[in-house]
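Starting from two chains that each stand alone, build the complex the way the hints lay out.
Here is what each chain is made of, one letter per residue.
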Amino acid sequence: MSDAAETAIASTTALTQRFGPTVALDAIDVQLQPGVTGLVGANGAGKTTLINALLGLRAPTSGSAIVLGLDPRSQGPALRSRVGFAPERDVLPDEMRAVDFVRHLAQVRGLPRSEARTRASDSLWLVGLGEERTRTLGTMSTGQRQRVKLAQAIASDPQLVLLDEPTSGLDPTQRSEMLTLIGEISNEHSVNVVLSSHLLNEVESVCDHVVALDAGRLVACGPLSDLIGDDEGVTLELVDVAQPAGSVDAVERALRAAGVALERVGSTLRLGGLERDELCDRARDAVADAGARIRRLETRRRTLADLFETAA
Amino acid sequence: MSESTDSTPSGAAAADGAAQILDQRYRPYDGSRHGLAGAMRAVIVSSMRFTLGLGRPARHKFLPWLAVVVALVPAIVFVGIATVLDIDLISENILPEYHEYYGCIQAALFFFCGIVVPEILVADRRNGMLPLYLSTPLRLWSYLASKAAAVTVTLAVITMGPLLFLLVAYTVEGSGPAGIGDWLTVLVRILGSGIAIAATMTAASLAISSLTDRRAFAVIGVILLLLGSSLVTSSLVETAELDSRLYAFNLFEIGAALKDRIYGIGPPLQFPDGDGAPGRRLSELATWFVLSANAAWVLAGGAVVWWRYRRIEATQ
Numbered sequence: 084m085s086d087a088a089e090t091a092i093a094s095t096t097a098l099t100q101r102f103g104p105t106v107a108l109d110a111i112d113v114q115l116q117p118g119v120t121g122l123v124g125a126n127g128a129g130k131t132t133l134i135n136a137l138l139g140l141r142a143p144t145s146g147s148a149i150v151l152g153l154d155p156r157s158q159g160p161a162l163r164s165r166v167g168f169a170p171e172r173d174v175l176p177d178e179m180r181a182v183d184f185v186r187h188l189a190q191v192r193g194l195p196r197s198e199a200r201t202r203a204s205d206s207l208w209l210v211g212l213g214e215e216r217t218r219t220l221g222t223m224s225t226g227q228r229q230r231v232k233l234a235q236a237i238a239s240d241p242q243l244v245l246l247d248e249p250t251s252g253l254d255p256t257q258r259s260e261m262l263t264l265i266g267e268i269s270n271e272h273s274v275n276v277v278l279s280s281h282l283l284n285e286v287e288s289v290c291d292h293v294v295a296l297d298a299g300r301l302v303a304c305g306p307l308s309d310l311i312g313d314d315e316g317v318t319l320e321l322v323d324v325a326q327p328a329g330s331v332d333a334v335e336r337a338l339r340a341a342g343v344a345l346e347r348v349g350s351t352l353r354l355g356g357l358e359r360d361e362l363c364d365r366a367r368d369a370v371a372d373a374g375a376r377i378r379r380l381e382t383r384r385r386t387l388a389d390l391f392e393t394a395a
Numbered sequence: 004m005s006e007s008t009d010s011t012p013s014g015a016a017a018a019d020g021a022a023q024i025l026d027q028r029y030r031p032y033d034g035s036r037h038g039l040a041g042a043m044r045a046v047i048v049s050s051m052r053f054t055l056g057l058g059r060p061a062r063h064k065f066l067p068w069l070a071v072v073v074a075l076v077p078a079i080v081f082v083g084i085a086t087v088l089d090i091d092l093i094s095e096n097i098l099p100e101y102h103e104y105y106g107c108i109q110a111a112l113f114f115f116c117g118i119v120v121p122e123i124l125v126a127d128r129r130n131g132m133l134p135l136y137l138s139t140p141l142r143l144w145s146y147l148a149s150k151a152a153a154v155t156v157t158l159a160v161i162t163m164g165p166l167l168f169l170l171v172a173y174t175v176e177g178s179g180p181a182g183i184g185d186w187l188t189v190l191v192r193i194l195g196s197g198i199a200i201a202a203t204m205t206a207a208s209l210a211i212s213s214l215t216d217r218r219a220f221a222v223i224g225v226i227l228l229l230l231g232s233s234l235v236t237s238s239l240v241e242t243a244e245l246d247s248r249l250y251a252f253n254l255f256e257i258g259a260a261l262k263d264r265i266y267g268i269g270p271p272l273q274f275p276d277g278d279g280a281p282g283r284r285l286s287e288l289a290t291w292f293v294l295s296a297n298a299a300w301v302l303a304g305g306a307v308v309w310w311r312y313r314r315i316e317a318t319q
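Protein sequences appear in the order of chains A and B. Following our numbering, the numbering of the first sequence begins with 84 at its first residue and continues without gaps. Following our numbering, the numbering of the second sequence begins with 4 at its first residue and continues without gaps.
Next comes chain B alone, as it looks inside the complex (with noise of 0.2 angstroms):
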């Protein structure tokens, strides 16, 4: 059968031309639809892929990719030492706990957060996509919520992947949690703590993301957030020494802090090294109010989306 490239339908016709078939492929559906959960499941894997850079230009992927890579590296030479020491690493405080390896994936969360993210929001305002999404079953909720729970997924593959491939490979190689009671509670602290801080980093880079509809201009915000929030706070709380409450507004801190209690660890946090090691001041916040900020965070920046959204002019 031959097929045309412009808008006469392709089919065949009989050589005497007394009857033809006509195969114009276009044809009526009838079958299921799957309303407002299929389009926000597509609309999250479509997010993800181009998060990842899959079906795009080789140029895109490398960032992205590059940063799985630089959170996973740790992890990998960690198991490589525990299989060829073949000592209980972990126990021996030769390699760190679960809980410490957050500082390992630390730049790799930055350098996501700040130059792979601001994209997801900021490319469909500028090609016209949001147009389009609105015209389909989604509202403007949805597909926020979409976004945002793409790039929370995305980002849990950093802030969780590489924990669940250590609790594995321990695990295989003999120095994982003692018992499925410990390994349980190891895998729910890797899946709390990456989903948790995975949230906050989301809120805040969408949050920027939202403000501009240039790329260039986003990733220099969200940079500024996290590395201003980090230094300005640090320095206040721990040169200064004012209130330590003050580490609500740092991002890095604050989840970390979170972290550190889904893990049962603090307050008071032992610090081996005394009164000066890092993160002392920290370890001073109550549970509650660092539950709260983190919350405070993901409602504030979901705050600004919505409020940005609803002012744009989604429909032309």
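Just chain A, with the same shape it has in the complex (with noise of 0.2 angstroms):
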């Protein structure tokens, strides 16, 4: 067994769901580690099936999952007492004040009534939500809602956090406060957390590993920082002017005969095939003996958009 099959929090083996003649998940093989796993991938990509099949809530057609230790199928309740949980519908109770909210389900996954009073007011307050907590949800904005959402998931002190969408709703600024609250409660609370969202920017800000999906099929599975990165080449823009004439063939012509890989559009150079600062002093060289000007000259990112545009 591989050091990432031992360390893994949640794994699943040719995991397949099917509604009918529609494939949600494609004989899925993942391996989550501890940390923020982000699940990313456009809407119907097979996100909140994968996590319904983590928690047990629904038989896949074939294949297998094992989640803390424990099959979701034939183990479900013991492993839902130990994994929290927080669902994209921005529905809740609206007549119930956050404080009962939260702690009721604390008591549902299996916390006595004393702890769990104590611990849904602590998890609000950690949330930001100490001041509000006797607050009823129908009075409440969809910010405050989904840091609910999320205080009733980590209440029960769970191993394992699913947050389908958490982010659903919030604009920008809550958005980006939400996600690293995120990161700070598995970070400092040593809750790992499993993030499902189609907005790739927000997986890459707050995400250790990364689960993409596509229209049901498995397209990267790994550590972040291994998927993406900055060695993807140098981008390089060039002002296309009439003196000196043909100053971006020019730096076209001496960075290919320098042995630069290169792609071209209009005046803009796309450059690869050899390490970053290797690029950037042949592009600096090619430049200054051309006469040319630099509108734009950037160290090229591979994202998670990439890995999406590989797979199509």
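Source of the hints: derived by calculation from the structure; they are not laboratory data. No residue lacks a Cβ here, since even glycine has one placed at the ideal position from N, Cα and C. Please note: incorrect hints may appear among the correct ones.
Claimed, not checked - Derived, one-sided and incomplete: chain A residues facing chain B with beta-carbon distance under 8 angstroms:
1) 149
2) 152
3) 153
4) 163
5) 170
6) 187
7) 190
8) 192
9) 194
10) 202
11) 208
12) 209
13) 240
14) 272
15) 322
What the hints assert, rightly or not - Rough simulated footprint, nothing fancy, chain B against chain A, three-plus residues with beta-carbon under 8 angstroms:
16) 98-107
17) 154-162
Now the structure itself:
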């Protein structure tokens, strides 16, 4: 067994979920590592289906899953007492006070009443709703309700928290705050988090690991640092001016002669094939020799979007 | 210690900055967990509080407590009369016997089942609590069993509460059962009939409620079932003189018939007013038939709820 498999908090083997003719998950093999894992993909990619399978809420058509060492299908109740979950839907009982809501779900997850009451309050403080804990959910903003959903997911001190689109409906500021909060909860309280999102930059900003899905297929799975990075070359954008004439062509010729792999779109040159520093040096020399003007010179970074483009 | 309202942990820092005590409140928990039993208990208690409007705005308290009051007021009046007149009013047939009090709570029962109970299932589907519940140790069957238990126990407050009050009050007043044996017999009959009627009503109400996400539709459906089954079967049996076994479809009457059997009355029942007395045909039913009909209501109601929830996409 590999090291990754030994440390995995959850793993699936050829996990397949069909709904009639639709394949929601197509033989997915993933290993979720401790920390924050981003489950990323477009709407309908299979993120929620995978979360449901990990929770044991739906029997897979074929394949298997192990979460926290337990089989979700046969050991579902035991597993779910150790897992927190926040669904995507922003519909909570409007008349309940936030603290009552969180306490109730902590009790349902097995905590004694007095402990649930204390932890409900603590969780709401942690997510920044300490002063608002006695307000009814119906009077709260979307951002506050998302925080309440997060609080109920962590109140029972789970080993794993599954958050389905936790930033849904939030404005950019609230989204950033929520992601920061999720990162803090994982880092400072050692709670493993699986976060689903269709926004790639969200996942890049907070996650340690990524599981990328596209139409039920696994696009990528692994540490974020292995999947994205600064090693995609350099983009050089030149100003195409009349004097000296043909400066962009001259730069292109010089770079090709220097052994740089080059792709040109108008006056933009995408450079590759060498180390980043080497590319920058040769670009500088070529531009100086040709008397060209630089509009932009930047390191091209491989992003999660590139993973999906490659897969497509 | 200061407390912050944002995600910054609250805490206190030493003045010189050399040391810092942070109180993040949130702590690991390594104590006991109650598992499925605890989860069911939590849902039962929460659902009972919800049904009775506890912890909810005042408008949600009015209807359930009105039903309780409607069920209890006659009992309070009877006890008052018994206290004032100071004679054995039950033996003198001035006040109703225990099994006859069922007629006094039918309105409350109808009211409670028709208007209050539907909310208990519909609300969870409407406000998204169902997927949250199913992400806990609860499974679909344990969730539904908890809801059914909560409704049954709450309904039992109406079906048993006034009678238990009567039993205690009559006993204190001196008109209660003679001897501990009779007293215990009455107690068992009150509990048995109360739970039986509550279970039948619960199954029927929840079955209708499971068919829609709209509370209004559920209320109308339950009321139609209760009223319709009563009016149609009574007309068919009493007026058209069809087979008395049609009473099996009359929720109120078949429940009342079971209550009578538990109290040791009938068949055949003795009606002082002769063959034309209401309920005469009901008394023709065999005890096994009455028992089976009530059990069928419970099983059928449970089956409808189970069938319906198996079809609901509860994980979305």
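Hint check:
no., hint, in the structure
1, 149, "18 angstroms, violated"
2, 152, "16 angstroms, violated"
3, 153, "12 angstroms, violated"
4, 163, "5 angstroms, holds"
5, 170, "5 angstroms, holds"
6, 187, "5 angstroms, holds"
7, 190, "4 angstroms, holds"
8, 192, "5 angstroms, holds"
9, 194, "7 angstroms, holds"
10, 202, "7 angstroms, holds"
11, 208, "5 angstroms, holds"
12, 209, "4 angstroms, holds"
13, 240, "4 angstroms, holds"
14, 272, "6 angstroms, holds"
15, 322, "45 angstroms, violated"
16, 98-107, "violated (count 0)"
17, 154-162, "holds (count 3)"
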